[in-house]
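Quick note, the sequences are listed as chains A and B, same order.
For the first sequence, the working numbering assigns the number 1 to the initial residue and increments by one for each residue that follows.
For the second sequence, the working numbering assigns the number 156 to the initial residue and increments by one for each residue that follows.
The hints are simulated quantities; they were obtained by calculation from the structure and are not laboratory data.
All of these numbers come straight from a predicted model, not from anything done at the bench.
Errors might be hidden in some of the hints.
[What the hints assert, rightly or not] Output of the computed footprint for chain B on chain A, the stretches with three or more beta carbons under 8 Å from beta carbons of chain B: (1) 38-51; (2) 68-79; (3) 107-113; (4) 125-133.
[What the hints assert, rightly or not] Examples of chain A residues lying across from chain B (beta carbon under 8 Å, computed): (5) Gly35; (6) Gly84; (7) Ala86; (8) Glu116.
All C-beta atoms in this analysis are idealised placements derived from N, C-alpha and C, irrespective of residue type, glycine included.
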Amino acid sequence: MMRDTIILRVVVKLLLPAILIFALYVQFHGDYGPGGGFQAGVAAAAAIILYGMIFGIPAAKQVVPPSVVFVMIPLGVLIYAGTGVAGLLLGDNFLDYSPLGSKPVYGQHLGILIVEFGVLVTVSSTMLAIFYAFGGRADEADAAEEARKDGEGGS
Amino acid sequence: MVVTVIGIIRAHNLFAVVMLGGVYSFLMATVLVILDAVDVSMTEAAVGAGISSVLLLAVLHLVRMREAPLRHTPVIPMIVCLLTGGALVYGTVDLPPFGEAGGPQNQHVAPYYIENAEHETHSPNIVTAVLASYRGYDTLGEVTVIFTAGIGVLVLLAARRRREDDEDEQKGGAA
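Chain B on its own, in the form it takes in the complex (with noise of 0.2 Å):
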């Protein structure tokens, strides 16, 4: 993964930062599986390998291949990567172990879920029924979430392209 994460930022063909995109999120969907996380992998592998590769070949087909030469130099966005890497890492020092059953995240509702899940929803699969009842309201956040994303995506393409219809050509469509 790390070797995949050089090779986007070393290569200036965009084509190219789109495949080792898809590659990055096809890793990450075998970690995720090797977490014992398959829905969250099958996830990963559909939309970051898949769907959000297609769309961005899309984009590349509007756009120019190249990646455009730079016109400041990128000492201030690297300044708040590393704080913001830097302040997650710290964050991690405090977690407990990974998979330690007396850790705090194993002790609070889990228990609960693992021994009453079952025969409360009839749902052997426990993400399952957390998801889909006990944390009902979070989960209709989420399709909320996409809903107005989708819906948001929509209107700001829908909008441009009226706006480039009332305008008359010469526009390459690069945006």
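For reference, chain A alone in the conformation it holds in the complex (with noise of 0.2 Å):
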């Protein structure tokens, strides 16, 4: 969308790493400080989101294409969904996480570590794909607009 612009290109590289560590921070702190999957996922996503935007989604779909994003979207429930399975069948109830480690407390945290993972992929991919389905229609309105660049009866 605005690929001529050297400022914003060049500070979005700068920026583009700082944000994708500070979304792992969040997912992985999540348990010592505020945050958590759902924070680090849309902060992941915007990350990408903003390379789009400055770099033409073409080049974002090189970065995480397409079809990883639509795989990654049942990807994370099935985590989630998985982990309380696992619990289920290591004899314990449906999402109880106890069981996952050599001691309760252990496997909580695991447990914990492992959903909020699940969550990241969930949320960071389905923005992500909403973000390519619009891109996607607004750059195909511009080649339609291009093809015919007369008579646009405005109101």
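Reconstruct the complex from the two isolated chains, following the hints.
Written as structure tokens, this is what we have:
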């Protein structure tokens, strides 16, 4: 969309690693500080969306292909639900993480981490998928606009 | 925030409306920080101000920049808004004061979480422990909602595109 502005390009290139690191920090530090899978997923998706805005959606699609995104959306839910089922199979209640570790406490901790990772996967990929869908339509509209450059009856 | 809302109502340029919406979200995020809800604030800043503004701008790219003229007087929506708002305000009258230690909201399960969350889950952040472990079902439901919403939007957009491909042109994409 804005491929010609050098300041934006440079600033975004500098910012992107920071945003992604922050997302990972929020993700894996979520059980000590504020944050968790949802916040981290949104931040990571925002980083990719920023990249897509400045460098064009095709570039963003090269970084995170839509096929990967479409796999990730259900994958996150499956990770979450699968953790619950794992607890079930190991002889406890659904979504009780206690049997996942050597001690119930460790199991709970591990379970929280895995579950938050599932949330991250689904949230970030859903945001990206919606962005791709809208952005792709905008690009198509652009192309259509270019094709017929005349006769635009504004009201 | 009130000024922003009035600006949103008065503005007829939709670009300005989207930008003011972002401003409103950032103000809301600030309020949430003051209320000590840093994680909610992060979400509000990223989703409300960031991603939804981008999506709305993408939509603006498809539709026209100006607000369409009203086709009928907005009396009935006004009445609905006033009634709903009045009911909500009426509901808050009975709520216990915010942050009161003896209030029922702080007497039910909260003391249990505060006492046991850390040694039961090894997670010093009680919010995370509650969300992911004690209330795991709710969060699973939330993730499923996001999943469903994403799939729904994708299906809608894909269906429209296919129909537009079938029909031949002559459709500025204004929906």
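Fill in: Evaluation of the interface hint that places alanine 86 (chain A) against chain B, nearest CB under 8 Å
violated, 12 Å
Fill in: Restraint outcome when glutamate 116 (chain A) is required to lie within 8 Å of chain B by C-beta distance
Cβ of glutamate 116 (chain A) sits 6 Å from chain B, so the hint holds.
Item to complete: Count residues of the segment 38-51 of chain A with a Cβ under 8 Å from any Cβ of chain B, then say if the count reaches three.
Response: holds (count 7)
Discussion item. Three residues or more, CB to CB closer than 8 Å: is that satisfied between the segment 125-133 of chain A and chain B?
Written reply: holds (count 7)
Worksheet item: Against chain B, does the segment 107-113 of chain A show at least 3 residues with beta-carbon separation below 8 Å?
Response: It holds, with 4 qualifying residues against the three required.
Discussion item. Quick check on the hint: glycine 35 (chain A) CB to chain B CB, less than 8 Å?
Written reply: For glycine 35 (chain A), the interface hint holds, since the closest Cβ of chain B sits about 5 Å away, which is under 8 Å.
Worksheet entry | Verdict on chain B covering the segment 68-79 of chain A, criterion of 3 CB contacts below 8 Å | With 4 residues close enough to chain B, the hint holds.
Worksheet item: Does the interface hint hold: is glycine 84 (chain A) within less than 8 Å of chain B, judged Cβ to Cβ?
Response: This interface hint holds because 7 Å falls under the 8 Å limit.
Consistency note: the structure conflicts with earlier hint 7 alone.
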